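K.L.:
Spelled out, the chains give:
There are 2 protein chains.
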Amino acid sequence: MSSVSTKPARGMRDFLPPDVRRRAYVIGVITGVYEQYGFEPLETPAVENLETLMGKYGEEGNQLIFKILKRGEQLDEALKAGAAADYADLALRYDLTVPLARVVAEYRASLPKFFKRYQIQPVWRADRPARGRFREFYQCDVDILGTRTAVVEAELCAAVSDVLTKLGFTNFIIRLNHRQILNGILDAAGVATDKAAEALVAVDKLDKIGRAGVETELQGRGISAEAASKLLGLFEQMASGAASGEEIVSNSTNREPINSGLLAQIETFVGEHAAGQRGIADLREVLNLAASTPAAGRIQIDPSLARGLSYYTGAIMEIAVPDLAGSLGGGGRYDNLVGMFLGQDVPACGFSLGLERIIVVMTERGMFPAGLDGAPADVMVTLWPGAPIAPALALAHELRAAGIRVDVYPEPDKIGKQFKYASSRGIRQVTVLGEDEIAAGTVAIKDMQSGEQRTVPRSTAAREIKPDAHS
Amino acid sequence: MSSVSTKPARGMRDFLPPDVRRRAYVIGVITGVYEQYGFEPLETPAVENLETLMGKYGEEGNQLIFKILKRGEQLDEALKAGAAADYADLALRYDLTVPLARVVAEYRASLPKFFKRYQIQPVWRADRPARGRFREFYQCDVDILGTRTAVVEAELCAAVSDVLTKLGFTNFIIRLNHRQILNGILDAAGVATDKAAEALVAVDKLDKIGRAGVETELQGRGISAEAASKLLGLFEQMASGAASGEEIVSNSTNREPINSGLLAQIETFVGEHAAGQRGIADLREVLNLAASTPAAGRIQIDPSLARGLSYYTGAIMEIAVPDLAGSLGGGGRYDNLVGMFLGQDVPACGFSLGLERIIVVMTERGMFPAGLDGAPADVMVTLWPGAPIAPALALAHELRAAGIRVDVYPEPDKIGKQFKYASSRGIRQVTVLGEDEIAAGTVAIKDMQSGEQRTVPRSTAAREIKPDAHS
Chain E
113 MSSVSTKPAR
123 GMRDFLPPDV
133 RRRAYVIGVI
143 TGVYEQYGFE
153 PLETPAVENL
163 ETLMGKYGEE
173 GNQLIFKILK
183 RGEQLDEALK
193 AGAAADYADL
203 ALRYDLTVPL
213 ARVVAEYRAS
223 LPKFFKRYQI
233 QPVWRADRPA
243 RGRFREFYQC
253 DVDILGTRTA
263 VVEAELCAAV
273 SDVLTKLGFT
283 NFIIRLNHRQ
293 ILNGILDAAG
303 VATDKAAEAL
313 VAVDKLDKIG
323 RAGVETELQG
333 RGISAEAASK
343 LLGLFEQMAS
353 GAASGEEIVS
363 NSTNREPINS
373 GLLAQIETFV
383 GEHAAGQRGI
393 ADLREVLNLA
403 ASTPAAGRIQ
413 IDPSLARGLS
423 YYTGAIMEIA
433 VPDLAGSLGG
443 GGRYDNLVGM
453 FLGQDVPACG
463 FSLGLERIIV
473 VMTERGMFPA
483 GLDGAPADVM
493 VTLWPGAPIA
503 PALALAHELR
513 AAGIRVDVYP
523 EPDKIGKQFK
533 YASSRGIRQV
543 TVLGEDEIAA
553 GTVAIKDMQS
563 GEQRTVPRST
573 AAREIKPDAH
583 S
Chain U
113 MSSVSTKPAR
123 GMRDFLPPDV
133 RRRAYVIGVI
143 TGVYEQYGFE
153 PLETPAVENL
163 ETLMGKYGEE
173 GNQLIFKILK
183 RGEQLDEALK
193 AGAAADYADL
203 ALRYDLTVPL
213 ARVVAEYRAS
223 LPKFFKRYQI
233 QPVWRADRPA
243 RGRFREFYQC
253 DVDILGTRTA
263 VVEAELCAAV
273 SDVLTKLGFT
283 NFIIRLNHRQ
293 ILNGILDAAG
303 VATDKAAEAL
313 VAVDKLDKIG
323 RAGVETELQG
333 RGISAEAASK
343 LLGLFEQMAS
353 GAASGEEIVS
363 NSTNREPINS
373 GLLAQIETFV
383 GEHAAGQRGI
393 ADLREVLNLA
403 ASTPAAGRIQ
413 IDPSLARGLS
423 YYTGAIMEIA
433 VPDLAGSLGG
443 GGRYDNLVGM
453 FLGQDVPACG
463 FSLGLERIIV
473 VMTERGMFPA
483 GLDGAPADVM
493 VTLWPGAPIA
503 PALALAHELR
513 AAGIRVDVYP
523 EPDKIGKQFK
533 YASSRGIRQV
543 TVLGEDEIAA
553 GTVAIKDMQS
563 GEQRTVPRST
573 AAREIKPDAH
583 S
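Sequence order for the protein chains is E and U.
Counting from 1 along the first sequence, just add 112 to a position and that's the residue number in the working numbering.
Counting from 1 along the second sequence, just add 112 to a position and that's the residue number in the working numbering.
Chain E with its partners taken away, still in its complex shape:
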């Protein structure tokens, strides 16, 4: 017995056929909607130069990047020099946004002015695996580059709403905030500008660790107790004006007055902070435009939404569904990221759906269509013991040419064993082709559910076989 483990690597998963079919179904719905919105597909390599990724995701992000060891002479040289930081030259893709920024910088001249792309590929993070958290997971990203207008945010919220509705989600909301509003609130609370990024990392955890936890973390990150307390007080005050808990994800809530009220409150808080005021104007425009799209009634202003990644500059969004800690996806505006590669800013905004979370929720709630678990074939061609095999393969070919999905039992076992196998695979029909049938130019077709068996001419066999619901 071999001692090699047969498990996938830690935090990684094998997807057996029923898993792949579920994933393909969700990806198909997402792709269909994004194509309807005029987005085009992009794919980038799993492996990026290490320097492309480093410094783009904040300090915590840097540590979660999988690094690839140098090879050959370059490795030998690095080992000789002995600087461990220099042993790796490549890294696994950490998200789909930084590669997009690189691509836009590289191919700018050949891309349309408004580049609208979707990208559905795996990313890798060396995170501690936990329930629903994996080291390889798919992101489904959709981004629009080249313009600063709020049409972009509205279209993205609309597309994501369409996706979720088509997948069968009825109760979801899109939490909406703005990085410049957050900056304005931080400023009003007395958080120093150079501590703003640190403060946001802490505020981002409000849902997870609560007010007391965030207050401790803020002080740990060098924000004064006074500023921390004032900041959390502001959030609390605003939360009291917002819909809470269950309400926030109920469809019946009319969010318009709540959103207007919140934005008016925020306006008072941020005061003279010019960027914060522009952020408020941005969100008002997003709300106004989104009201004419499938995102109508879905958007909820949430001044405590921070989002972890450091590259956001404007609106930020996150999807919430009832009874689910964490979100199904999120995104935001990042007008400076392409500039880190191109040396010239290209405005950009995007949304990323988390495939794994969507599948977990859909599985738990039985939201997948029944046909996905259908049989792997419409019919199984059996091999009659002792009869020649070639005519059975010829039959399989004839049926496939007619569009039928055909499995072939590969061994001339006892026929009862072959029938049993078909049943165990959920294959509803089998063909029998003994010497008599071969001589007469006929084939017997047996229905495994009714047990009924009928003999028909070979030439009409394809018409006699009913496709399985799956196909």
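Hints in this document: simulated from the structure, not taken from any laboratory.
Certain hints may be false.
Stated by the list, open to error - Here are the in silico distance ranges between beta carbons for each label pair:
#	chain 1	residue 1	chain 2	residue 2	range
1	U	Ser-562	E	Gly-515	36 to 46 Å
2	E	Thr-282	U	Pro-130	29 to 39 Å
3	U	Ala-437	E	Gly-563	48 to 58 Å
4	E	Asp-188	U	Ala-337	32 to 42 Å
5	E	Asp-306	U	Gly-167	29 to 39 Å
6	U	Asp-485	E	Leu-484	27 to 37 Å
7	E	Gly-322	U	Ala-482	57 to 67 Å
8	E	Ser-562	U	Ala-351	51 to 61 Å
9	U	Pro-130	E	Gly-553	30 to 40 Å
To be verified - Each computed SDA-like pair below joins lysine to any residue, with the alpha-carbon atoms no more than 25 Å apart:
#	chain 1	residue 1	chain 2	residue 2
10	E	Lys-119	U	Gln-251
11	E	Lys-526	U	Asp-394
12	E	Lys-119	U	Ala-304
13	U	Lys-526	E	Ala-221
14	U	Lys-532	U	Lys-558
15	E	Lys-529	U	Lys-320
16	U	Lys-278	U	Asn-400
17	U	Lys-320	U	Lys-278
18	U	Lys-278	U	Lys-558
19	E	Lys-225	U	Phe-531
On a predicted model such as this, the values are computed, not experimentally measured, just so you know.
Every residue gets a Cβ at the ideal spot worked out from N, C-alpha and C, and that includes glycine.
Assemble the complex: chain E is given as a structure, and chain U must be docked to it using the hints.
P.N.:
This is chain U only, laid out in the frame that chain E set:
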């Protein structure tokens, strides 16, 4: 200006929208055929434990595996110990066959007795990049596990033939050989059994480096000059009986007598070598069965075909098309590989199509359907300068709800600029929604090719827009 390179990593590629559409088209055809043959989809992680991959691909293979650096404390410990071989714990998938063997060993109890799976995923090899050779490339694998019958080889050759025919390839052949026949021939030439694997690595290069090159390499690998010369003499003698060069890929060639003649010749060569004789019987059965499938007339016995990978045990196959050095794919029987994980052999045979090669050939020969390069949307909604934007988004929503692919121009630019953009994107129709149209409940639809513009009621707009050929 940033100094970070915006190129993809060496040997890796970005796929812009037209590239992705071509790839998706080929993958769609392959998937469709494999599903028709009763194969089911499998996906495995990009990252495997290093020990899962090491020692499975031969010595050259080992060196081409991308290794992932350990992280955190484990890395610190490894660095402290200073054994460079211990710095990595994970590796990137090198092929789809070893992960399949691992999966079969892990989930054997829940898999069907005859496990038929297809898997279309990227693999990574730290090879020197060259024309058509990349460090990230897709394999399209199809395998049947659980039986030793030649039905498997015949079905695989049939499926692959169906795929290539559906993609538009008319001239292709499947070269067929058998590892046990090669062992018989090596034995007859006087190559020691423990040098057989080494000899096959050299013979595998016959197409690339010719007879003299192989003879040198054989001797470099410790095979006696006499055995090397005798071995190459045998191949030459057999080649003279086979169809040559152009003939081998011509459809009009009747390969049956050639194949029979070659097998008779080989039978003489391998003499009393029992495994070799069984190999000949195997291939006769494959030829007999395949003659009743879409692989009929496609298979050509080629006793010099060796295939590089070390895990093959029986039939080996490789696809050749005219005017292409190298192959579009290959495969074979590997009855012992699962046993390396399970401790118990599971017979297996598979075929791998190389997506990159197929796409290179199809692009060069103009084999892609024209519709693939269609417009990204059926219609573009313009924003009339000064008019409210929300009604335009509402119109986009109405059209999308009717199944139309709709792009929205995101800025209220001069209308002529917006028209020009639509034309530059190949979008045939645009909508115009000024204050007058909004007031009247109408919309103007302009055909960018004819220049014709007509005003219709909003409620009938969806019916007036013709889908682009692409959709």
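K.L.:
Run every hint past the structure and note whether it holds.
P.N.:
Each hint, compared with the structure:
Roughly 39 Å separates the CB atoms of Ser-562(U) and Gly-515(E), a value that falls within the hinted 36 to 46 Å. Take Thr-282(E) and Pro-130(U): their Cβ atoms lie about 37 Å apart, and the range 29 to 39 Å holds. Judged by the Cβ atoms, the range 48 to 58 Å given for Ala-437(U) and Gly-563(E) holds: they are separated by roughly 56 Å. With their beta carbons about 35 Å apart, Asp-188(E) and Ala-337(U) fall inside the hinted range of 32 to 42 Å.
Between Asp-306(E) and Gly-167(U), the C-beta spacing of about 53 Å breaks the proposed range 29 to 39 Å. Hint check: Asp-485(U) to Leu-484(E), Cβ distance near 32 Å, so the stated range 27 to 37 Å holds. Between Gly-322(E) and Ala-482(U) the CB atoms are about 59 Å apart, so this pair conforms to the stated range of 57 to 67 Å. The hint said 51 to 61 Å for the Cβ distance between Ser-562(E) and Ala-351(U), and at roughly 57 Å that hint holds.
Restraint check, Pro-130(U) to Gly-553(E): a C-beta distance of roughly 49 Å breaks the suggested window 30 to 40 Å. Distance restraint check for Lys-119(E) and Gln-251(U): the Cα-Cα separation of roughly 22 Å lies within the 25 Å cut-off, and the hinted pair is therefore satisfied. About 23 Å separates the Cα atoms of Lys-526(E) and Asp-394(U), which keeps this hinted pair within 25 Å; it holds. Distance hint between Lys-119(E) and Ala-304(U) is unfulfilled; the C-alpha atoms sit about 38 Å from each other, more than 25 Å.
About 22 Å separates the Cα atoms of Lys-526(U) and Ala-221(E), which keeps this hinted pair within 25 Å; it holds. With a C-alpha separation of about 12 Å, the suggested pair Lys-532(U) and Lys-558(U) falls inside the 25 Å cut-off, and the hint holds. Of the supplied pair hints, the one linking Lys-529(E) and Lys-320(U) is violated, its CA atoms being roughly 48 Å apart against a limit of 25 Å. Distance check on the hinted pair: Lys-278(U) and Asn-400(U) sit about 24 Å apart at the alpha-carbon level, within 25 Å; holds.
For the proposed pair Lys-320(U) and Lys-278(U), the alpha carbon gap of about 29 Å is over 25 Å, so the pair is violated. Taken as a hint, the Lys-278(U) and Lys-558(U) pair is broken in the structure, with Cα atoms around 38 Å apart against an allowance of 25 Å. For a cut-off of 25 Å, the pair hint linking Lys-225(E) to Phe-531(U) stands: about 14 Å separates their Cα positions.
The structure fails hints 5, 9, 12, 15, 17 and 18 (numbered hints given earlier, in ascending order).
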